[in-house]
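Using the numbering used here, read the sequence shown as starting at 5 and increasing by one per residue.
Keep in mind that the hints were calculated from the coordinates and are not lab data.
Among these hints, one or two may not hold up.
List time: in silico DSS-like cross-link candidates among lysine-lysine, alpha-carbon distance up to 25 Å [unchecked claim]: (1) K104 with K134; (2) K771 with K207; (3) K104 with K72; (4) K621 with K465.
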Amino acid sequence: MPTAPHPQSTDELYQALQENDRRPYGRTRTVTAEELVDAAEQFEEPVPLVHALLELQEAYTYGSEPRKSPVVFARLLTLFDEQPDVFDDRLRHMLFWRFKWVSNALRALPEIPLASLRQWLTEMRDRYEKAGLGLHPYYGQAYQLAAHVGEDTTLAYELWAGRTRTRLSDCEACEICERALYHLRAGDDERALRAWEPVLAGKESCQEEPARSLSYALLPLLRTGRSDRARELHLAGYRGCRRNPSMSGEVGRHLEFCALTGNEARGLELLAENRNLFDEVDSPLDQLDFLTGVEVLLQRVELLGHGELPAAGYAGRTWTATGLRAEVRGRADDLAARFDARNGTTAHTDRRRARLDRAPLLDTLELTLRTRSLDDAAPAAPVAATTARPAAAVPESLTELILRARTLDEQGHPDSQACWARLRTLVAARDYVHPDDPAVGPLVRLRADLLADEANRAGEKDEFTDAASLHEEAAALYDDAGAPGDAALARACVLLATAEIPAEGADGPEAKAAALTAAHASMVRMHEDTPGLTPYQEARLLRLRATALALRLQTTGSEEHVAPVFAEADLLRAFAARHDIAGQISGAQLLRATTYAISGDLPAAVTEADALLDRLKAHGPAWHLPRTLGLRGRLQLVLQDPQAAYTDLTEGLRLAADWPAEAVGTTRLHADLAEACMRLGRPEEALRHLTRSAELDLRGGSRTDAYCTYSNAAQLSLDLGRVEDCIALLDSLLAEPDVAAGELDDRLVAQLRLTRARALHAGEDLKAATAEFVALAAESAGWDDDPGSHAMIAAETAVLLAESGEFGRAREAADQALAAHAEAPRYEHLSNSLRELARLQAQQQGPDGLPDALAVLADAGRVADEARAAGYEAHGRSLDTALAYEHGRVNAYAGAYEDALAALEKALALLGEPGREDDRAGEWAECVRLAGAVEGLYLERPAPALTRLDAAITRLTALGHTEETESLTALAARLRDEE
């Protein structure tokens with residue numbers, strides 16, 4: 005099936021070639037290039053065919069199809085021999101450049117004899133000499149062949165590296181990489197890294213660089229102690245090569261890097277992201293490089309005892325790490341043997357063995373904000389406790405295990421979870437035999453216990469419908485087991501869970517408050533009507549009653565609902581004190597503290613929390629300390645004492661390490677600590693706590709909460725300038741199965757993608773950022789319930805399209821933003837984007853772009869008028885002064901200097917002169933600077949410009965704004981020098 009309409013003229017052909025050139029390398033681009041060659045052959049002119057063949061060879065080369073590239077080049081060479089005049093200087097240069105591409109392609113094919121490779125190099129040398137071209141590129145290819153074969157490269161290297169470069173030499177970045185690899189093969193890491201520095205620092209780049217060099221430099225950086233630099237380059241380099249068939253070897257080296265730094269779980273994640281490379285890489289040499297990196301990773305996973313983990317591999321079947329490793333090993337061994345047989349050496353087998361024999365270089369290196377282990381990668385990974393705590397001891401005897409689980413559950417002890425989990429596994433087994441012991445009771449009671457535990461965990465995740473259903477089942481089984489007290493507790497839990505289920509069409513808080521009131525009344529009646537309750541059961545019922553009223557207060561915030569909570573809490577505390585039930589005494593006091601907090605009496609809440617902490621330290625239970633410290637920390641945050649909050653929350657987190665994370669609120673402690681750190685000006689520490697909070701939520705099954713927290717973490721990392729960290733985090737999240745399957749809320753996914761697009765833009769990947777913004781703008785156009793978000797996304801999209809020089813599409817996006825803004829105003833965001841769009845058009849197109857730029861500014865002016873009429877106060881610069889300044893810039897870019905000066909005078913008048921404490925001094929100084937430049941440099945009126953500048957410098961200096969005078973002083977000095 006054709007991918008594009010068949011060109012009917014050479015003009016259409018050239019347009020199609022240009023469009024195809026903008027596509028990423030891969031099958032779509034290659035198939036289109038093949039079709040365009042067929043189309044070019046219909047024209048009598050040979051030049052279009054030459055262009056089409058050059059495009060096709062490029063598609064084969066960078067699409068990792070080395071077998072086809074030489075065939076296309078042979079056609080080009082025949083055309084050149086037969087019709088040399090068809091090739092102008094540019095086409096001739098491209099033809100001779102691609103001799104190197106053919107050399108690389110032939111080297112990558114083990115079926116090509118070594119004699120043929122040498123014959124091709126002779127052909128290349130003869131052709132270059134006949135054309136009067138320097139031989140530096142030839143000697144470069146001769147050196148690369150020697151290195152590939154495994155010969156002594158000393159002479160070949162000197163013959164190449166010692167010669168003067170020519171126009172046909174590889175680019176500086178590629179040659180730097182070859183020189184560095186020469187030193188690396190000689191075992192000199194330091195010299196290799198010194199050679200690589202211009203590429204690693206971003207000073208030299210090309211189609212393949214710096215991604216190629218970054219992948220090779222990772223291990224030398226680790227070996228020389230530069231782990232932070234290696235981490236940074238891994239994130240940047242991997243993004244530059246992922247899923248790219250022509251860079252599969254680079255991907256393999258990133259997988260190897262993960263395996264050797266304790267990041268095997270990330271390696272498996274990256275392997276899954278690059279699953280396409282198993283089937284799309286047609287180059288045997290690239291396959292060998294990629295598969296060896298894959299095997300290094302899988303070998304490490306298997307050595308760590310996780311060979312049963314799923315791994316992404318060849319299509320058509322599912323793989324475990326062990327099974328895929330065996331498949332990869334067989335294929336890679338065969339490839340290495342074929343290359344060695346062709347070359348007459350053992351170089352490729354030896355290099356492969358050296359990679360596989362490498363020991364880990366670091367036990368652990370935190371590569372991303374989302375640190376995960378192979379345990380987390382397991383399909384049924386347990387809910388994580390903090391790593392510092394060993395697993396709870398579980399009795400071996402089944403009778404002891406059941407009794408221990410019930411005792412711990414009555415105490416509210418966190419270790420009950422481990423016991424219930426073990427029992428759940430045992431009872432589910434086909435050969436389970438229940439103990440015949442009166443102390444244990446019948447199997448139906450144990451099944452009821454397990455259902456109640458499952459229901460409690462569902463309630464903790466706010467899955468109230470499931471919780472109510474499970475508690476109802478448990479109650480029926482307790483009835484069957486002759487346990488009326490437990491049945492009553494289960495039914496009380498049903499009442500509470502049902503009251504928390506959001507009612508469709510109900511009036512929000514009022515309906516929920518009424519449901520909780522009714523639930524409390526039913527619990528009281530149930531309490532009165534159920535005789536024979538044990539103290540534990542009665543305390544639990546009292547706690548549920550108090551909880552219902554506390555939730556009602558939390559829902560309404562009504563003062564009349566405060567006293568009933570205190571009454572129930574005091575009733576619970578008195579009962580628990582009489583029966584020495586420590587956990588419920590603590591629970592009652594914690595309820596009192598939170599009630600004070602909700603009612604607005606923060607000092608009383610702190611006093612209650614202080615008293616509770618004293619009691620817990622003296623009498624326990626110890627596992628209540630982390631939550632109580634967390635509460636006091638949150639109260640300190642509200643009281644604007646972040647340092648005290650930080651102290652409490654840090655201590656709470658330290659104590660939480662002794663207990664399972666979900667039982668003591670570790671997730672909430674990390675989240676609150678993040679807020680305290682932000683208030684204390686410690687954003688990096690806040691970022692660590694946000695990511696840990698999110699990962700705990702994710703492991704615990706609270707996935708929406710986790711993604712929301714990760715979204716905040718991604719935005720913070722972007723704000724901190726950690727662009728690659730932000731992108732890597734979001735890439736990892738967007739690859740999660742539930743996200744990829746569309747199971748997560750689409751707006752939350754859109755927010756993650758929006759942050760990623762902004763990060764790509766900040767990372768200067770304009771093409772990828774623009775593509776993502778365009779996709780988001782198209783999706784958000786259908787958000788009828790949220791036109792404001794579409795307005796913001798479309799406005800940002802317009803700016804990125806303008807940066808790419810696509811002003812027609814940018815105008816269309818701006819019009820979409822304006823239409824959405826009419827429904828849900830976003831004054832400041834839209835004004836900022838429109839002004840930037842106008843600036844870009846004037847800057848890139850000069851006078852030709854001025855009419856369109858001014859039209860955009862007219863739209864921005866209408867937005868400013870609307871904002872003024874609506875009484876909107878901008879958070880940043882005044883929309884009117886910013887608009888006047890932009891009129892000045894736009895006109896200056898277009899050469900309309902008088903209009904520019906008039907606009908800047910208007911901006912200065914709107915701003916007014918700054919005061920001593922005025923935060924507008926910088927904006928005012930910039931207006932003065934630009935006005936001075938327009939007047940003095942472009943209108944060639946230096947005298948009034950200097951008068952303006954000197955007066956501004958004097959005023960700013962007198963007000964203490966000395967930093968703002970620097971640009972003005974520099975401009976004044978320049979004007980005086982030019983007088």
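Against the structure, the hints come out as follows:
1. K104 with K134: holds, 17 Å
2. K771 with K207: Holds: K771 and K207 sit about 20 Å apart, inside 25 Å.
3. K104 with K72: holds, 15 Å
4. K621 with K465: violated, 29 Å
Going through the hint list in order, the structure does not satisfy hint 4, though it satisfies all others.
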